[in-house]
Amino acid sequence: MHLDPPVFGLVPPSPSPVWFVSNGETTVGPVATALLKRGVAYGKIPDSCVVSPPAGTWRRLEAVREIAALWKRPGAPSGPAVPERLVRLESLAPARIRDQDEVCYQVTRLAMALTGAESGMFQFRERNSWSMTTRCVLGPMSQEMLYERLAPIDPLLRSALRGTPIFGPQHGPAERALAKRFATTQGGVGGAAMIPIFVGSSLRAMLELSRPVRAFRCDDLQRAERIAQRALYQHES
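Going by the working numbering, 223 is the number at position 223 of the sequence shown; the sequence numbering is gapless.
Derived from the structure by calculation, the hints contain no laboratory data. Hints are not guaranteed to be accurate.
[What the hints assert, rightly or not] Cut-off 20 Å, straight-line C-alpha distance, at most; resulting in silico cross-link-like pairs (SDA-like, lysine to any residue): (1) K44 <-> S22; (2) K180 <-> S142; (3) K180 <-> P165; (4) K44 <-> A63; (5) K44 <-> A32; (6) K44 <-> E62; (7) K180 <-> R149; (8) K180 <-> G139; (9) K37 <-> V18; (10) K44 <-> T27; (11) K37 <-> A69; (12) K37 <-> S52; (13) K44 <-> R65; (14) K44 <-> L70; (15) K37 <-> R59; (16) K44 <-> V28; (17) K37 <-> R60; (18) K37 <-> P54; (19) K37 <-> D47; (20) K37 <-> E62; (21) K37 <-> A63; (22) K44 <-> A68; (23) K37 <-> W58; (24) K37 <-> F20; (25) K37 <-> C49; (26) K44 <-> T26; (27) K180 <-> E144; (28) K37 <-> T27; (29) K180 <-> T164; (30) K44 <-> G29; (31) K44 <-> V31; (32) K44 <-> V18; (33) K44 <-> T33; (34) K37 <-> S48; (35) K180 <-> I153; (36) K180 <-> M141; (37) K44 <-> P30; (38) K37 <-> R214; (39) K44 <-> R60.
Can you make the complete structure from the sequences, with help from the hints?
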């Protein structure tokens, strides 16, 4: 998958995201991103703290894009090595797991970790089947789609069959269907993406991700795609 355009959220994110900050004992906030960044830069917020958007889930500081960029600068305060961490996660792609449900679970779990997604789903098509079935649902959302077959007229499935990822504003039927798919997720849909996963020329899966605050980064989606492709290839080899 080649994603040159910027990835826009399905629901326009707040122009000024805010965060709650916790050291495990005390929680403060909401704090604007700019103030959070200054607190980290001047050592007022320890690296061990976690943050959460309103009605969201707790995550490490490096999950905030501005903090990750700050730690990359020469002379900046030391923080977790974000690129190295992502490389380690990417290298954990499931190797030769024979159980299909386990493969689907591990791919979805790693893709969520790589992209900072709050919720994820994995639609899978067995080699000799024409139907796509939801084999994994992770995150604070309804499990009602688990093991449900997608209808042939499903807009996301049609996009996937064309090899078209979905990651933009909800102007079309596929984008609206993706937002609806994650309607029950606890934090709401601030950004969502559907990545078709091919093995050779055959569509074998659809990886769907959602998070409450902002859109996904293109390079993170590409890492998630590589993990899924590698895992399915190894599963079938």
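Outcome of the hint check:
1. For the proposed pair K44 and S22, the alpha carbon gap of about 12 Å is at most 20 Å, so the pair holds.
2. A distance of roughly 12 Å separates the Cα atoms of K180 and S142; the hinted pair therefore holds under the 20 Å criterion.
3. The straight-line distance between the Cα atoms of K180 and P165 is roughly 16 Å, inside the 20 Å bound, and the hint therefore holds.
4. Proximity of K44 to A63 is assessed by CA-CA distance (about 18 Å); at most 20 Å being required, the pair is judged to hold.
5. Between K44 and A32 the CA atoms are separated by roughly 15 Å; this keeps the pair inside 20 Å, and the hint holds.
6. With a C-alpha separation of about 16 Å, the suggested pair K44 and E62 falls inside the 20 Å cut-off, and the hint holds.
7. For the hint linking K180 to R149, the alpha-carbon distance of about 16 Å falls within 20 Å, and the restraint holds.
8. Between K180 and G139 the alpha-carbon distance is near 15 Å, which keeps this suggested pair within the 20 Å criterion.
9. Simply put, K37 and V18 have alpha-carbon atoms about 11 Å apart, close enough for the 20 Å limit, and the pair holds.
10. A threshold of 20 Å between alpha carbons decides the hint, and for K44 with T27 the separation of about 14 Å falls inside it, so the pair holds.
11. A threshold of 20 Å between alpha carbons decides the hint, and for K37 with A69 the separation of about 10 Å falls inside it, so the pair holds.
12. Distance check on the hinted pair: K37 and S52 sit about 14 Å apart at the alpha-carbon level, within 20 Å; holds.
13. Note on K44 and R65: the hinted pairing holds, with a Cα-Cα distance of about 18 Å set against a maximum of 20 Å.
14. For a cut-off of 20 Å, the pair hint linking K44 to L70 stands: about 15 Å separates their Cα positions.
15. Simply put, K37 and R59 have alpha-carbon atoms about 15 Å apart, close enough for the 20 Å limit, and the pair holds.
16. Using a Cα cut-off of 20 Å, the hinted pair K44 and V28 holds, with the two alpha carbons roughly 13 Å apart.
17. The straight-line distance between the Cα atoms of K37 and R60 is roughly 13 Å, inside the 20 Å bound, and the hint therefore holds.
18. Under the criterion of a C-alpha separation no larger than 20 Å, the hint pairing K37 with P54 is consistent with the structure, at around 18 Å.
19. For the hint linking K37 to D47, the alpha-carbon distance of about 12 Å falls within 20 Å, and the restraint holds.
20. Taking the CA atoms of K37 and E62, the gap is about 11 Å. The hint holds against a cut of 20 Å.
21. For the given pair, K37 sits about 12 Å from A63 by alpha-carbon distance, which is consistent with the 20 Å threshold.
22. Simply put, K44 and A68 have alpha-carbon atoms about 16 Å apart, close enough for the 20 Å limit, and the pair holds.
23. With a C-alpha separation of about 17 Å, the suggested pair K37 and W58 falls inside the 20 Å cut-off, and the hint holds.
24. Proximity of K37 to F20 is assessed by CA-CA distance (about 13 Å); at most 20 Å being required, the pair is judged to hold.
25. Our distance criterion of 20 Å between C-alpha atoms is met by K37 and C49, whose separation comes to about 13 Å.
26. Our distance criterion of 20 Å between C-alpha atoms is met by K44 and T26, whose separation comes to about 14 Å.
27. For the given pair, K180 sits about 13 Å from E144 by alpha-carbon distance, which is consistent with the 20 Å threshold.
28. With a C-alpha separation of about 17 Å, the suggested pair K37 and T27 falls inside the 20 Å cut-off, and the hint holds.
29. A distance of roughly 19 Å separates the Cα atoms of K180 and T164; the hinted pair therefore holds under the 20 Å criterion.
30. Using a Cα cut-off of 20 Å, the hinted pair K44 and G29 holds, with the two alpha carbons roughly 14 Å apart.
31. Distance hint between K44 and V31 is fulfilled; the C-alpha atoms sit about 13 Å from each other, no more than 20 Å.
32. With a C-alpha separation of about 17 Å, the suggested pair K44 and V18 falls inside the 20 Å cut-off, and the hint holds.
33. For a cut-off of 20 Å, the pair hint linking K44 to T33 stands: about 14 Å separates their Cα positions.
34. With a C-alpha separation of about 14 Å, the suggested pairing of K37 with S48 holds against the 20 Å cut-off.
35. For the hint pairing K180 with I153, the CA-to-CA distance comes to about 15 Å; that is within 20 Å, so the pair holds.
36. Taken as a hint, the K180 and M141 pair is honoured in the structure, with Cα atoms around 12 Å apart against an allowance of 20 Å.
37. For the proposed pair K44 and P30, the alpha carbon gap of about 16 Å is at most 20 Å, so the pair holds.
38. Pair hint K37 plus R214 holds up; C-alpha atoms about 17 Å apart against a cutoff of 20 Å.
39. Of the supplied pair hints, the one linking K44 and R60 holds, its CA atoms being roughly 16 Å apart against a limit of 20 Å.
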